[in-house]
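Asker: Put together the whole structure using the sequences plus the hints.
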Amino acid sequence: MDTKPDDGVYKWWAQSDDTIQSILNSDQKWQTLKHNGVLFPPDYQPHSIPVYYDGKPVKLDPEQEEVATMYASMLESDYIQKKQFNENFWAAWKELLGKNHTIKSLAKCDFSKIWEHLLTEKETKLNRTSEEKKAEKELKAKFEDAYKYALVDGRKEKVQQFKIEPPGLFRGRGTHPKMGMLKKRIQPEDITINIGRLEDVPPPPTGHKWGGVVSNNTVLWVAAFKDAINNKNKYVQFASGSSMKAMNDYLKYQTARSLKDCIEKIREDYKQQWTEKQESDRQLGVAIYFIDKLALRVGNEKDDEEEADTVGCCSLRVEHVSLVAPSSIKFDFLGKDSIRYENTVEVEKEVYKCVKGFIEGKKKSDMLFHKINPSKLNDHLKSYMEKLSAKVFRTYNASITLDRELKKLEREITSDMSVAEKVSIFNSANRQVAILCNHQRAAPKTFDTSVETMEKKIEDQETYLERLQQALKEPPKKPTQPLLPKTPESISSKIEAIKKKIDDLKQEKKMKIENKTVSLTTSRTNYCDPRITIAWCKRTDVPVAKLFSKTLQDKFPWALDCPNNYTF
DNA sequence: CATACCGACTCAGAAAGATCGTC
DNA sequence: GGACGATCTTTCTGAGTCGGTAT
1 MDTKPDDGVY KWWAQSDDTI QSILNSDQKW QTLKHNGVLF PPDYQPHSIP
51 VYYDGKPVKL DPEQEEVATM YASMLESDYI QKKQFNENFW AAWKELLGKN
101 HTIKSLAKCD FSKIWEHLLT EKETKLNRTS EEKKAEKELK AKFEDAYKYA
151 LVDGRKEKVQ QFKIEPPGLF RGRGTHPKMG MLKKRIQPED ITINIGRLED
201 VPPPPTGHKW GGVVSNNTVL WVAAFKDAIN NKNKYVQFAS GSSMKAMNDY
251 LKYQTARSLK DCIEKIREDY KQQWTEKQES DRQLGVAIYF IDKLALRVGN
301 EKDDEEEADT VGCCSLRVEH VSLVAPSSIK FDFLGKDSIR YENTVEVEKE
351 VYKCVKGFIE GKKKSDMLFH KINPSKLNDH LKSYMEKLSA KVFRTYNASI
401 TLDRELKKLE REITSDMSVA EKVSIFNSAN RQVAILCNHQ RAAPKTFDTS
451 VETMEKKIED QETYLERLQQ ALKEPPKKPT QPLLPKTPES ISSKIEAIKK
501 KIDDLKQEKK MKIENKTVSL TTSRTNYCDP RITIAWCKRT DVPVAKLFSK
551 TLQDKFPWAL DCPNNYTF
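When we follow UniProt numbering, the leftmost residue of the first sequence carries the number 1, and every step to the right adds one.
Just so you know, these hints were derived from the structure itself, not from any lab.
For every residue, glycine included, the Cβ atom is placed at its ideal position computed from N, Cα and C.
Be aware that one or more of the hints could be misleading.
Claimed, not checked - Below, a list of computed lysine to any residue pairs in the SDA-like style, where the Cα atoms sit at most 25 Å apart:
(1) 371 / 309
(2) 252 / 379
(3) 142 / 166
(4) 499 / 416
(5) 336 / 366
(6) 232 / 41
As the list claims (entries may be wrong) - With beta-carbon atoms standing in for the labels, derived distance ranges:
(7) 99 / 376: 45 to 55 Å
(8) 11 / 262: 23 to 33 Å
(9) 25 / 325: 47 to 57 Å
(10) 137 / 375: 45 to 55 Å
(11) 275 / 95: 55 to 65 Å
(12) 137 / 467: 43 to 53 Å
Answerer: Here is the structure:
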């Protein structure tokens, strides 16, 4: 088994799936692990700019000032308007100010002088010469280099996020009860280092000790620490381009592909379950149907005292669904990251009847599927296929949608099309996937103005077209500005060219509007089997780099040489 | 059994930063 | 041909999934 060719690239994908699987399933994920630990953010540099309280400057000690500066830096963000954010921030800051401090209420504080200072600093940074920027970048890179890679079984593997998070104010999504809380500076004492038994432990910063040093070769992290806000572990892991992560990713798609072999049976079965006597069976049947048809997440239980109130399939409440006669269901709820899911779907009459029954006699705040939970649902799925869980359906349906949409649109592709036109066709297939998975983004800040600019361009071209058409009918006696082509033939060909240009611009505008709040990158990065995209690139002669950035190409080395007729 | 808890991993959009295209 | 704004890419860290174990 020679997996290390001369070019030094570890081509693990040249091995059989079984071999790859056994590498990952084995209890020992590595034999030797060597690295230089993690990088801490720089210490706080006090600026001595006061907060104004009741109009008067108040000098703060460095620690108080640091936290005040965190708040000042967010003065223009939406968080500042939120009560919860201000309450949590005030609680943390008040404690630092101590008893009997001049500052007694947040409402009377004016942070604008600090904000102005931060703005000036930002400008100074921006105004550096390109030589200065380059020199600083190089210096930084040199400094960070030692942390970028770990040595795993003698191979250099990239480490992701080796920089420890700097202190700041917690920014939860949606209406998170903890927003504005102080995220304290992480000390070496908070960190556990995972490293090979025989390696030298990287030295902690002077005067400090590591919280712990372990040699756990059943896991893929090099350092771990507790997130004090949520009391959850955070890990410094390997980058998506590392062989271990890429292997996992590859197997994720292989698992999703093998769902093809039993999806028919699963669909038959859940249809059967809709008419079962036991309500728990009917609930299971409807829940799996939603997960399959609508690509919902499974929806684990959450603690609404500690986290934002968001739901997935199993945690849907009665208030999140409504029956729309004769046979549709309207969904309206906040999902992961508090992204709203709003969709009215036509369903089979059995499903409609089931949901009607589930709702009956319940309060709005009651669970829709009170007889099941994610672990029951996943246990049931395991009876069809090893490794099958709810999330596999998202991968499966996303990938198969991309495959199908691309093949549908491929007929429209002609050899004289530009790369940009072909990419735009790819994007419309990609958009179907993003819509299925409900991947959204905030509308770009420049959206309105850039649509206006496009409209102006279209108008200009249309005016020009009219002039050309007029000139063809009756040639102007005197030349008008800007000059038109001279012969009728050249005018005619210009007309054709402008018509095409207008069509293209209109198409571009349509795409822009359709993509206003749709995020294509999430599905491209996490749900679409990259081999579908790469095979399409090969067939349509589009450079892979047009669809996969450098990082994504690094993430998918195993997909790069797939055959051009690859089918998911 | 269920149920709570949590470790370790994947997936998520915003913000920062880099690059590109146009005037 | 270079300044500047739009757009693409990377970084950042929060928010899920899921399986195992303790109770």
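Asker: Of all the hints given earlier, name the ones this structure violates by number, lowest first.
Answerer: The structure breaks none of the hints.
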